[in-house]
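One letter stands for each residue in the lines below.
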Amino acid sequence: MSYIELENVKVEFGQERTFISKRRKVAKVVALNDTSLKINEGEFVAIMGKSGCGKTTLLNVVGTLLKPQGGAFLLDGRNITDMNDCELAKLRNHEVGFIVQHFALVDDITVEKNVALPLTYRHIPKKEIDKKVAEILKRLSISDKSKRYPYELSGGQKQRVAIARALITEPKLLLADEPTGALDEETGNEIVDILKELNAKNRMTIIMATHDKEIALAANYIIHMKDGKIVS
Amino acid sequence: MLECLRMVKKYILTCISMVITVVLVGCLIILLDEKIQEHNKKGYPQSGKYQITVDIFGPDYSAYLRNGKAFDDYCDLYEELNTDFRWKYVSEDELYAKVESGDVPQECFREAEERSGGMYDGYVKVILATEDFVKEHGIVIDKGQLFSGYTEYEISPCPVWLGGLYENTCEINDLLSIDIDGIVYPCYVAGFISQESCYYSETENRMISCDNAVFVPHFYNMENNRECRDFLERYFNGIIYSDLSYEEVNNAIDNLQSKYNISSLTLIDTDPTKRFDEWSSRHSKMSGQIVRSLERITWAIVIGAAGVLGMLLTTVMRREMYNLGIYMLCGRSYKYIVGIILSFVTLLLLVSDFVLIGICQVSEAGVSAYVKIHAMLIILWTLSSLGSTIVTQKNDIMSFVGGKE
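Protein sequence lines, in the order shown, are assigned to chains A and B.
In terms of my numbering, the first sequence is residues 1 to 232.
In terms of my numbering, the second sequence is residues 1001 to 1405.
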């Protein structure tokens, strides 16, 4: 059995609404159209396609942030569509790490607090959290930035912080949505090297959405999407 | 709810603005409630003017004249009526006194022919007046000045005002000598009342002209002689002006009766509904309309405040959506995110509630003010919670973090 199994998954945005007894139609966007996909544990997969083709929606579905309106989604054998909001949140906290294009860091707390965020939701003793944060910051070579605020860091440093936060929970699955999109080429390559290392050493399953062919080549294989469907 | 406290810290100025808005609205409600209560309480004919009289006659009068303690009690009662903060007591009495010396126009003397034998020869109309009396009846001093504060009858000469007819014979500072109930008071002319002045006497139930009157400052003589006893008894006749209802004033007068053991003291409701029927009904109607308008204004303000709060809250939420998305990425549920927003709203309204309760206590607001304040807070909480939940639902939080398709 594959680690991730999507079968005829359908996601639509926008719907028909009734507005003061008149039917007002809102344009529907079919973000995922009967999408089927299987990814094994430990694979590094790149998703490519034009803007609006459904890459982010696919990552949001796999990351349990979005429930599909149709089809089935199994993660490590568990049916995600049957889970409630709290169960999905717990699963996300324990098994999924996210990296996004614009880093998604809370600007008004320090780097170490940003990195510790997922662990604070688990009610782990503070000492243990501090130890883990120190280890991960050291591993990503940003220990000296622990007391800084995100707005004081460069783009590459911010993405390292985001990776540190994604890795602190030791997730099985890492979802990266355009992780190099806001970085220069050199820094982007550094980030991709980190992802490759994580995949090779930790056997972490990684799904990375990107526009960049060079970056996508780092993956084991590439999935192409068009209009909400996987085309190759 | 660490995230909620973080939001408060981050948007502290907005939070203070929100609390100030709610507190200001609460204060307005307290103020309007006070006005509404005032109007309800003042509704005619529950409050207004009450006539007070002492009518000692028969054996009681003989006892009063003989008994030294009774005189002292009457003096004390008179003092208490004058100094009680719950009402304004205006003594109202018209008497006739003999002018021993001074130029008095003929038309001011009481007609001698009324009684054979010239019993009233040389007598003129004297009105005992206080500043309150002048104000209540709208009597205007044409020349000269008020004899404000004149209470010491021992100080001579005593200032008097004269009616318009006296202007032909007297001038300011002219001296007069007036015998009031056997005691001769040296007086000087302090001023003149404007021509054709008159006032409505509640006790006499008729209009009384000021033109031929001598206005003497309202004093009483504490000498324990027969004349003074007679004189003192007169002073009790007057009008009580009070915001209290008739029942409340009557109870207070009953208490004074018991305290001084004076059974002849009576309070008469001047019954304005009979005398001023039209005015009364108009007043009651106006009171009702004012109360209704005030209540409408109160609820309009609450709705306006809900709008202002909604706008401030939406601004905070729009700015905070990105962070809320991050919390979801890190493992918070959607319900928890809604909980953060609700806690934020609840915290602000609780702070406002504490401040408003403090204000209510300091201003000694009534129960209805507390009820209205809490009704307002519950309405604001419900509207804010519903609004923020809908805004969170409508805005796909994750699109703030990861972008839209």
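Keep in mind the hints are simulated off the structure, nothing from the lab.
Be aware that one or more of the hints could be misleading.
Far from chain A, some chain B residues (derived; all Cβ distances over 12 Å) [what the hints assert, rightly or not]:
1) 1003
2) 1017
3) 1097
4) 1164
5) 1191
6) 1197
7) 1204
8) 1256
9) 1263
10) 1264
11) 1296
12) 1298
13) 1314
14) 1325
15) 1377
List of simulated lysine-lysine pairs, DSSO-like, C-alpha gap at most 27 Å [to be verified]:
16) B:1335 <-> A:172
17) A:28 <-> A:90
18) A:113 <-> B:1009
19) A:28 <-> B:1394
20) B:1394 <-> A:10
21) B:1049 <-> A:113
22) B:1049 <-> B:1009
23) B:1088 <-> A:90
For every residue, glycine included, the Cβ atom is placed at its ideal position computed from N, Cα and C.
Hints, verified against the model:
no.: 1; hint: 1003; result: violated (9 Å)
no.: 2; hint: 1017; result: holds (19 Å)
no.: 3; hint: 1097; result: holds (84 Å)
no.: 4; hint: 1164; result: holds (75 Å)
no.: 5; hint: 1191; result: holds (74 Å)
no.: 6; hint: 1197; result: holds (69 Å)
no.: 7; hint: 1204; result: holds (71 Å)
no.: 8; hint: 1256; result: holds (69 Å)
no.: 9; hint: 1263; result: holds (75 Å)
no.: 10; hint: 1264; result: holds (76 Å)
no.: 11; hint: 1296; result: holds (27 Å)
no.: 12; hint: 1298; result: holds (30 Å)
no.: 13; hint: 1314; result: holds (20 Å)
no.: 14; hint: 1325; result: violated (7 Å)
no.: 15; hint: 1377; result: holds (29 Å)
no.: 16; hint: B:1335 <-> A:172; result: holds (25 Å)
no.: 17; hint: A:28 <-> A:90; result: violated (31 Å)
no.: 18; hint: A:113 <-> B:1009; result: holds (16 Å)
no.: 19; hint: A:28 <-> B:1394; result: holds (15 Å)
no.: 20; hint: B:1394 <-> A:10; result: holds (20 Å)
no.: 21; hint: B:1049 <-> A:113; result: violated (73 Å)
no.: 22; hint: B:1049 <-> B:1009; result: violated (58 Å)
no.: 23; hint: B:1088 <-> A:90; result: violated (74 Å)
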